[in-house]
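*Asks:* As a plain string of letters, each chain reads:
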Amino acid sequence: MTQAHDNDSMIDGRIDSVPGLPLGMVIDGSVANGVEVKLDPGVSVEQIKVGTFVTLQGANNRFFGVVTDVGLGSTDPRMKFTPLSADDPFVIQALQGIVAFGTVSVLPQLTMPDVVGDEQEPAPAKSIPAHFSRAFTASQEDVETVFGSEQDGNFWIGSPLDMETKLCLDLGELVKRSMGVFGKSGTGKTFLTRLLLTGILQNGDASSLIFDMHSEYGWQGQDTDKGVNVKGLKQLFGAKVSTFTLDEEHSRRRGLSTDETVHLGFNHVEPEDVELLRESLNLSDVAASAAYNLREKYGEESWLKEFLNAGKGGSLLELAEELQINAGALRALYNRMGRFTRHGFMVEHSRTDTAAQMIEHLERGQHVVLEFGRYGDDEAAYILVSNLLTRRIHRKYVEAKESAMGGSGKEPRPLVIVIEEAHKFLNTSVASQTIFGIIARELRKYNVTLMVIDQRPSGIDPEVLSQVGTRFSCLLDNERDIDAVLSGTSGSRALRSVLARLEAKQQALVFGHALPLPVVVRIREYGPKFYETVQAGGDSEDERKRKVDELFAD
Amino acid sequence: MIGPPTVRRIGEVVESTSTSFVAQCYRLESAPALGGLVRTDSPDIYGVVGRVTTEPLDSARPVLARGEDADTEEDVIRDNPQLARLLTSRFQVFIAGHVEDGVTHQYLPPRPPRVHSFVYACDLEEVSRFTSRLDLLHLLLNSGVSYSDEIVGACIRQAASSHGQPSDFLALASRTLVVELSTDVARLNSILQRISP
Chain B
2 MTQAHDNDSM
12 IDGRIDSVPG
22 LPLGMVIDGS
32 VANGVEVKLD
42 PGVSVEQIKV
52 GTFVTLQGAN
62 NRFFGVVTDV
72 GLGSTDPRMK
82 FTPLSADDPF
92 VIQALQGIVA
102 FGTVSVLPQL
112 TMPDVVGDEQ
122 EPAPAKSIPA
132 HFSRAFTASQ
142 EDVETVFGSE
152 QDGNFWIGSP
162 LDMETKLCLD
172 LGELVKRSMG
182 VFGKSGTGKT
192 FLTRLLLTGI
202 LQNGDASSLI
212 FDMHSEYGWQ
222 GQDTDKGVNV
232 KGLKQLFGAK
242 VSTFTLDEEH
252 SRRRGLSTDE
262 TVHLGFNHVE
272 PEDVELLRES
282 LNLSDVAASA
292 AYNLREKYGE
302 ESWLKEFLNA
312 GKGGSLLELA
322 EELQINAGAL
332 RALYNRMGRF
342 TRHGFMVEHS
352 RTDTAAQMIE
362 HLERGQHVVL
372 EFGRYGDDEA
382 AYILVSNLLT
392 RRIHRKYVEA
402 KESAMGGSGK
412 EPRPLVIVIE
422 EAHKFLNTSV
432 ASQTIFGIIA
442 RELRKYNVTL
452 MVIDQRPSGI
462 DPEVLSQVGT
472 RFSCLLDNER
482 DIDAVLSGTS
492 GSRALRSVLA
502 RLEAKQQALV
512 FGHALPLPVV
522 VRIREYGPKF
532 YETVQAGGDS
542 EDERKRKVDE
552 LFAD
Chain G
3 MIGPPTVRRI
13 GEVVESTSTS
23 FVAQCYRLES
33 APALGGLVRT
43 DSPDIYGVVG
53 RVTTEPLDSA
63 RPVLARGEDA
73 DTEEDVIRDN
83 PQLARLLTSR
93 FQVFIAGHVE
103 DGVTHQYLPP
113 RPPRVHSFVY
123 ACDLEEVSRF
133 TSRLDLLHLL
143 LNSGVSYSDE
153 IVGACIRQAA
163 SSHGQPSDFL
173 ALASRTLVVE
183 LSTDVARLNS
193 ILQRISP
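Top to bottom, those sequences are chains B and G.
Using this note's numbering, the first residue of the first sequence is number 2, and each one after it goes up by one.
Using this note's numbering, the first residue of the second sequence is number 3, and each one after it goes up by one.
If we strip away everything but chain B, and leave its shape as in the complex, we get (with noise of 0.2 Å):
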């Protein structure tokens, strides 16, 4: 680099784009199936690993790639039929690199501004580079280029594989769309929920209610593997978070003090909420419906009171009658519901409205953590209590939404509903009836988005699926749960090599609508060092050392 040139990249504030470590050249490829790029006689194909990041220095163009497959590749095909004598240390050295190579094929994505911090953005790559244009590792520059920098407001979420680089989301895109966090248990969802969760409330523009089935998020988590607690939001965000819970005791037996105790009276429960409990209550479908009969007849506040009034005053049989519906069926309706109301935060009528309550937190601004305590385990709790609020929720915000359109009043703020074990809500045969499957579909125009969180995304309607926009998916073997995230996407057959070569802890792929391409992150670890740089606003005590040092730097 000349004198001037130096001069010219001060004076302009940025710097000419610095290519990482050479890889090799590019030897075949199409735009559908990516390049195939000749690693150089001294890069071992050890050193690369598939979801790598790669730049390719075309003629006129610079693509920014990621590594899907790594291969190793011959000059003479007949190669691998002749007996050679690896013991011999010459012949092997002479051969390698040259006659017997590594291959990586790579699938261009991006391709880059000519200049790193030009107002050009990175853009999609319709083409590929020409023969022997030469592939680099992605430099800190490069991916910051492309995923966006934490100066520039975004949340570090981890870093891309074998590489230190602070890897950003934007938040704010995040939010738009719903988003999934899929991996089989014991990957690292929670952490990566929490992670993620911390950043949507230090980024500001959305509150969250989160439907902790597990008591994980509110005040403390737990790490399984390391045998310690982690902190929740409520220790790290303080007012901002309002926890409620649906069994203080368990809250209080852990010594946790919790904003809001929740209780929820019959006169809120629904047909719909029956219908969406059919499988975990082992109801039959004439049961399910016998509850919309029972609507009709005792009125939409007090069918269940009604109802269970009727069947300890024995007279189900007439009421059957009456209703004409299978007696049979209205006594097993008449018996799990008995069982299900007897649960604590049942309570004959309810005054207050919970689902009012919680709105009127969110819009101040506060993210709601319901937890469940000891009804978590309680799969048909989790399924109507989550039901039943975010059904009101969603009514308040279509109103409210659709007052603003109207111009009568301001725009909700937006929403993100986080959701567990996502696929007892969104299987196939209840998504079109959940609230929650119309807020996946549909309610990105309320301003809503859900955070679907599941072990088994094979279960959940593919066409609610498809509406999640950003994916997070840790480690899966099954194979149709794999097929299931990866469904709809690019490249996806690229992309599942990748997917089940994760680590089983702290990785992730991460793809889809908040980000340019898909990428392998390794978590960043949230523990103390985390706690510090979010209570301290942003950056940790290093971190602001680091930029008073770079700032008066000479």
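Hint data in this document are derived by calculation from the structure and do not stem from the laboratory.
Just so you know, even glycine gets a beta-carbon here, dropped at the ideal spot from N, CA and C.
Warning: the hint list may mix true and false statements.
As the list claims (entries may be wrong) - Label pairs and their calculated CB-CB ranges:
(1) G:Y109 <-> B:G43: 29 to 37 Å
(2) B:I28 <-> G:S134: 24 to 32 Å
(3) G:A173 <-> B:S498: 32 to 40 Å
(4) G:P199 <-> B:K81: 37 to 45 Å
(5) G:P199 <-> B:K530: 50 to 58 Å
(6) B:E504 <-> G:L126: 54 to 62 Å
(7) B:V32 <-> G:A173: 33 to 41 Å
(8) B:G43 <-> G:P64: 54 to 62 Å
(9) B:A33 <-> G:R135: 40 to 48 Å
Since chain B is already given, all that's left is putting chain G on it; use the hints.
*Replies:* Relative to chain B, chain G alone:
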């Protein structure tokens, strides 16, 4: 250069083609080794020694065994002094390059050496200088004779000892071979094994 040229003069061209020539040795059994580098004079053409033959001058008079009563092989030669006159040694040389206007090229010269050109054995320094590039291997590998791999192997082995760092030279040679024979690993392997230190 070491010593006057005449010291290293070993024979004379007796047959000449564009790609190779045959030289006759001045003295019986004094042909250079297989793979050795030789040079003709005016014009300067370099070549690598291939097949060496020693045979009767008159093909109608075959050599007969004469040592039945002799004690040693030397006795046979001493008792039959005529043999030196009846036999001759010849060697074939594959052209590997030439000098034109003072520049050494490792490709075929425009014209082959003239018959009766003197042939000199190159000294270590000349070998080292000429083999600092190895485009000549392309000519040797494609000489079309069945034992070209042997010539190549012998040539590299001999040249290696003329270089200060034989291992560096061998590495260069193996890289050149690998590029030349990238589509024929079996042949490449056999030559590499011949030059493996």
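*Asks:* Does each hint hold? Answer for all of them.
*Replies:* Going through the hints against the structure:
Roughly 30 Å separates the CB atoms of G:Y109 and B:G43, a value that falls within the hinted 29 to 37 Å. Distance hint check: the CB atoms of B:I28 and G:S134 are about 30 Å apart, consistent with the given range 24 to 32 Å. Distance hint check: the CB atoms of G:A173 and B:S498 are about 37 Å apart, consistent with the given range 32 to 40 Å. Between G:P199 and B:K81 the beta carbon distance is about 27 Å. The supplied range of 37 to 45 Å is therefore violated.
As the Cβ distance of G:P199 to B:K530 is approximately 54 Å, the hint placing it in 50 to 58 Å holds. In this structure the hint that B:E504 and G:L126 lie 54 to 62 Å apart at CB holds, the actual value being about 58 Å. Against the hinted window of 33 to 41 Å, the Cβ-Cβ separation of B:V32 and G:A173 comes to about 40 Å, which satisfies the hint. The hinted window of 54 to 62 Å between B:G43 and G:P64 holds, with their beta carbons roughly 59 Å apart.
The hinted range of 40 to 48 Å is satisfied by B:A33 and G:R135, whose Cβ atoms lie roughly 43 Å apart.
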